[in-house]
Amino acid sequence: DGILKRMGRHHRSADLRRLFNDIRRVIPEAALRTTVMVGFPGESEADMDELMKFIQEIEFDHLGAFRYSDSEDIASHKLTGHVSDDVAAERFDRLMAAQARISSVRNQRHVGETYPVLLETRAGDRIFEGRTMFQAPEADGIIRVECRHPAAAGDVVMARVTGAGEYDLTGKTV
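Going from the sequence shown to our numbering is simple: count from 1 and add 186.
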């Protein structure tokens, strides 16, 4: 909460927990995604532990992260307690390793399910890369689909998920 306040955010972690829990209660199949920053001035190891606890509790389907980048023309440049690049990099790596485990488990729930898939690019003979309704372009993973019938980029096909990794899915048309 201290870091959120320093960043000028007007919400607390309890507000976010309540929001995400409400979304999952009302729409259990909703895909939750967020982006977080590590290494913001004043961020302590206790703050990082709280962020790790938060992402492990919420279990985001998709999470992006970046390291704070200082510049003289931004307000946070004047804040005290700048975090070293090495510490920020270690925190980033730790966060992304935890999220990879979370994403892998979350993706496993899709195996055996059938979804409409927008085919975007051909990746081989009858193999396309595309997106389900819960995979945002250029932000989330993809699904590689083996098409049983002729298809083209731009088609929407029904595909059963046959495999899941940390970020991407595999499937076959039905």
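Heads up, some of the hints might be wrong.
With a cut-off of at most 30 Å between alpha-carbon atoms, the simulated DSSO-like pairs for lysine-lysine come out as follows [said to hold, decoys possible]:
1) K264 x K239
2) K264 x K191
3) K239 x K191
Simulated restraints, written as ranges between beta carbons of each label pair [to be verified]:
4) D187 x V360: 30 to 38 Å
5) D341 x K191: 44 to 52 Å
6) M319 x D272: 16 to 24 Å
Keep in mind the hints are simulated off the structure, nothing from the lab.
Note that beta-carbon positions come from the ideal geometry of N, C-alpha and C, so glycine has one too.
These are the hints, each one checked on the structure:
no.: 1; hint: K264 x K239; in the structure: 29 Å, holds
no.: 2; hint: K264 x K191; in the structure: 15 Å, holds
no.: 3; hint: K239 x K191; in the structure: 19 Å, holds
no.: 4; hint: D187 x V360: 30 to 38 Å; in the structure: 47 Å, violated
no.: 5; hint: D341 x K191: 44 to 52 Å; in the structure: 48 Å, holds
no.: 6; hint: M319 x D272: 16 to 24 Å; in the structure: 40 Å, violated
The structure does not agree with the numbered hints 4, 6 stated previously, though it agrees with the rest.
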